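Q: The chain contents come next:
Protein chains: 4
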Amino acid sequence: MVTKSDYLHTPVEHIDVTQFNPVPLVEAMGRTAFTARDLARAADITHRMVADRDCGVILCLAGSLVSAGLKKVFADAVRCNMVDAIVSTGANIVDQDFFEGLGFRHWVGEEKLRSGMFDAELRDLHIDRIYDTLIDEDELRTCDDTTRVIADELEPRPHSSREYIRAMGAYLDKNGCKTPDSIVYEAYRADVPIFCPAFSDCSAGFGLVAHQHARGDGPKLSLDSAKDFYELTQLKIANPTTGLFMVGGGVPKNFAQDVVVAADVLGREVPMHKYAVQVTVADVRDGALSGSTLKEASSWGKVDLAFEQMVYSEATLAVPLLFGYAYHKGAWKARTGRRWNQVLETAAVP
Amino acid sequence: MVTKSDYLHTPVEHIDVTQFNPVPLVEAMGRTAFTARDLARAADITHRMVADRDCGVILCLAGSLVSAGLKKVFADAVRCNMVDAIVSTGANIVDQDFFEGLGFRHWVGEEKLRSGMFDAELRDLHIDRIYDTLIDEDELRTCDDTTRVIADELEPRPHSSREYIRAMGAYLDKNGCKTPDSIVYEAYRADVPIFCPAFSDCSAGFGLVAHQHARGDGPKLSLDSAKDFYELTQLKIANPTTGLFMVGGGVPKNFAQDVVVAADVLGREVPMHKYAVQVTVADVRDGALSGSTLKEASSWGKVDLAFEQMVYSEATLAVPLLFGYAYHKGAWKARTGRRWNQVLETAAVP
Amino acid sequence: MVTKSDYLHTPVEHIDVTQFNPVPLVEAMGRTAFTARDLARAADITHRMVADRDCGVILCLAGSLVSAGLKKVFADAVRCNMVDAIVSTGANIVDQDFFEGLGFRHWVGEEKLRSGMFDAELRDLHIDRIYDTLIDEDELRTCDDTTRVIADELEPRPHSSREYIRAMGAYLDKNGCKTPDSIVYEAYRADVPIFCPAFSDCSAGFGLVAHQHARGDGPKLSLDSAKDFYELTQLKIANPTTGLFMVGGGVPKNFAQDVVVAADVLGREVPMHKYAVQVTVADVRDGALSGSTLKEASSWGKVDLAFEQMVYSEATLAVPLLFGYAYHKGAWKARTGRRWNQVLETAAVP
Amino acid sequence: MVTKSDYLHTPVEHIDVTQFNPVPLVEAMGRTAFTARDLARAADITHRMVADRDCGVILCLAGSLVSAGLKKVFADAVRCNMVDAIVSTGANIVDQDFFEGLGFRHWVGEEKLRSGMFDAELRDLHIDRIYDTLIDEDELRTCDDTTRVIADELEPRPHSSREYIRAMGAYLDKNGCKTPDSIVYEAYRADVPIFCPAFSDCSAGFGLVAHQHARGDGPKLSLDSAKDFYELTQLKIANPTTGLFMVGGGVPKNFAQDVVVAADVLGREVPMHKYAVQVTVADVRDGALSGSTLKEASSWGKVDLAFEQMVYSEATLAVPLLFGYAYHKGAWKARTGRRWNQVLETAAVP
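Chains as they are written, first to last, in my numbering: chain A, 10 to 359; chain B, 10 to 359; chain C, 10 to 359; chain D, 10 to 359.
Isolated chain A, as found in the complex (with noise of 0.2 Å):
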């Protein structure tokens, strides 16, 4: 009988970036054509918001890039006070980050495992499948009851993704990161932001409505999203050279482009997004925003047109080699963090 040892047997291992330099590889790209071309640009414009000494930058995640190998990537970019603050949905923070600083794995599926045709199956043994890696659905379950642990114990009262998620960052402090790259972990050791502004989207979702639902009509902690903004936009007012590194589209990419508007609702002129880059495989002709250009979001008056790049190219490969050119490049090493919580917690935020 087929057992959930049968599939789930080889752990996704983390890509290193430390570990590869890809400098000349990435400059020779940017003597040729097309992709290539463009992954040099953006690789060029990381360096610069990176090297940018006003510039805070803010790193936005869509799509599944924890569970394919991307952690210690972005984890590094913390560490290495490369990055700021960090807006992402929910799922690469607590169902896949956070899951894994609960000492828990993502699992390589074998490649016939994408056709569809064994999903029955994999559902009967508790494996949820992202494509080609597959998930203990029984420890994602302990992933969100410990979401709902960590609600239970916060101020019944609206709270910002942001402050849930660094209660989760101090959960691991306090009982320990099972994992040696935790983007969670790394971001409340460098008081580095993180939002996720669809967050009942994601494993913490289910943990809110059991704790909701347990509350009853009593107190009880809600997620207040507009706080989110909120948040965000002080610190665009606060630091207003900023830069944006997105990987893929959708709610992350859409936020932290509307900062430059909301501070204007507010009163405060603040300057366009100095730097842009976005790595995608969405396509331009359907007019959706995740595939939008960086040029559009500029009529818009959120990005501004001198250093913006898109590259078209599905993150696994894309990502180590923006990333590993700028860590090579070695400007961080002169960077210090900006540590934007401690701005949020003592400001006089609502």
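Treat the hints loosely; a few may be bogus.
Copies of one chain are not kept apart here, so a pair can be met inside one copy or by any two copies together.
What the hints assert, rightly or not - DSS-like mimics (lysine-lysine), calculated; alpha carbons at most 25 Å apart, straight line:
hint: 1; residue 1: Lys304; residue 2: Lys121
hint: 2; residue 1: Lys13; residue 2: Lys304
hint: 3; residue 1: Lys13; residue 2: Lys187
FYI, nobody ran anything at the bench for these hints, they're computed from the structure.
Keep in mind that this is a model prediction, so the values were computed, not measured.
Given the coordinates of chain A, work out where chains B, C and D should sit on it, guided by the hints.
A: Frame of chain A, contents of chains B, C and D only:
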């Protein structure tokens, strides 16, 4: 000198599927191959979910669909009791539909604007661009401001986006809806709940930031995305047979699929979504949710396998054929709206 | 035991655009956005090229279009004098259209076959798969063999693919065309030349290899692709106003666009193609020809800019709407076929 | 006034995979997910086909690869005996590689040119554009003309494209190859046959049209695409174990896969292609050959299932990693070139 009116002269006109009967065309497509055959099968599944007397139909909207001329399709679907709940990105509901409800329009942009070469000029003229469609940014600011007015008048406590959007419908009802076909207004009248789980990520986000800023430390409205999730889960529990019609992927797709698991977390066993259709151009190969197959969702226990179909097409082409098919098949005539807003408001939701 | 008939039971039926009038739908799409608006503009350009009394219309076909149920669309276009020449990949013309002319059919493959999990079984059963469509390989071998018979009967000298395909039409005329709608047969009757510039790349290639092998060192038929190019160039010189309707990209697109330059090489100045429409899902960002814009082609002096339109859609969805539009607009009724085969056979072509 | 030199100032420089060792990076990618894992598997298969002493390696090239800076990758592959035959679109071989062999260059085009807004100006300046790369059209005419000179000097009979391209190599040998890295020249020296089955579809097409026009009714060179197919089939028969490395799809992919069937037509049973890798961004869902899976090819009896891998990436990103991997793994050092041109010229080919 170039002025706004040089660009904003031809309004987008919303397509009216009640005027074209695509049933014979779609049926013929079902005997061919590739996307045409898929579309015909998806049309049949759409018809089935409308015809199934037990089924609650959830419409999920991502991408710039309303600005692209699909507003009347969805407003008609609500009017004809073909849809019982809507989960959407904020832009469709607030920036685009409510915006038109206030009397504003979207404009046809010349083909050359897509090049991105005119975006600096558009910015100077306060014109925002969505691929080949234009918006008067000053009018959009009026829309932002109206959302603030609505927030100011609501009780200063955590709201679900549904509660807030219902107040937007009431606003249109009271002040007069300036467009013959508004999704927000028709949903208000039909008690169809609309959820925007990433609600700060749109025009209303600006209004809410302004509201919270003005209130300072005093009592204020907040937007509880966990409550959104809780409410939709309640609906799934109350009405276990469900169908999803999804345009695009992103947060709406994820959110609506997840309620099956959320019900389980609350100790209520509910069946997977019985019907599921998705129209998208997203590619499966980047592993992201937007393009992930509905079979993959079945490994998570979210979507049943018997009646699921992906349609690989840009929405403006496929949606009129799919809804036109379901409209002209006429199963909606025997259908009664579920008036789910009433369910939520009388239920003991927290 | 599984047999062929377990798979081959439901034939693909070709869509009949004369039965559905999409003119109102397409016109309404023209007032919306994104692909729908593009499609409406492309439909208008298609109508214009048919209505322009000076214009020779060249239909370019790449992709498995005939097996997918679009055969009758193109056969009707020839019958209605809407098309004056065809440039195609070999598969559409020989393996699929001529194949059906011999009395064989294509078959609907179950959805699960797309997974690739059954391909070994299909191979054992002598069934070939094109995505979701099936072919009886033994019948295809009969088709291969028929192409050899035709080669055997032709004069042993270099032929253009057009000459050879004309002989295929004559074969159907003599032996009876077993399908009511054959592109090859209708083109034969209407003196519409068909070019397959990469002709060995299909069923006929197998027949020709067998022919050449059997002839050994003796006189034999060869296929002169330079003659193809020379002939199409002669047509452009004889009829300078031209329009291209392209489904897919590849060799047919390149070949047909290039005749403008070829005429120039022969010292004859001819205008660029006046009208050009392309239906494709190819992405522009890989720099390959199939997805390259028609604007790019204008830098090469091949396509004029006034009436060109790309339509980003899988062909089975867009082609029925585009040809249905042009058919029901009815400009073809006033049109006389150019009978270009006669031009080529009386001209002093080498 | 704008002149050619305002646009043509920065040449494309070809990437040199001998200078970067991606083996550790690629191996790490093999433990992640999505495209990175696929790429690592494809790199391993590439290495295996080079290491397999029985295997003849066939390189298939579609898309503008040489102009994009990949010329040296393929020239080095020939020089290192990693490749035994090449099947390509004509543009790569004639317009781009032979063109550079004549001493001309490709030029980096500014990013804004991609918009298509400058194509009329480029046309006036005799500059041709390939997405973000530029060509001096007057130089291209020199290239066209050189192909005519070569045709004039060849025996006036049907030639395979291979024979003709071999004469192009001899021309470079005699007149001096003006670039250090020419695929045509290295293949000539290593007796590696190059086939362009749709040969008139490129610069040589113009030369051949001019040649045939000048010869009028007299004896003239023709290009026999059936002979191409016959020759490649002979090679498959002579060397049954084969591997395909395919960049893009189109005619080269189809042509090379088909030889398995062609051998069968000649009464010779040969195995399917044992190894197959394809790098492409084509989508599977339009049913066209370029994006069709290698599994689908196995239903046709063309490609074996054990060692096949699609890589979903634009070529400039994936090809340097794949060939860099195979180069630095070094299996080519123990490999002897098959010198298949000699096989064909001594064999009793018709």
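Q: Please go over all the hints and tell whether each is borne out by the structure.
A: Each hint, compared with the structure:
no. : hint              : verdict
1   : Lys304 <-> Lys121 : between (40 Å within a copy, 11 Å between copies)
2   : Lys13 <-> Lys304  : between (48 Å within a copy, 19 Å between copies)
3   : Lys13 <-> Lys187  : within (22 Å within a copy, 55 Å between copies)
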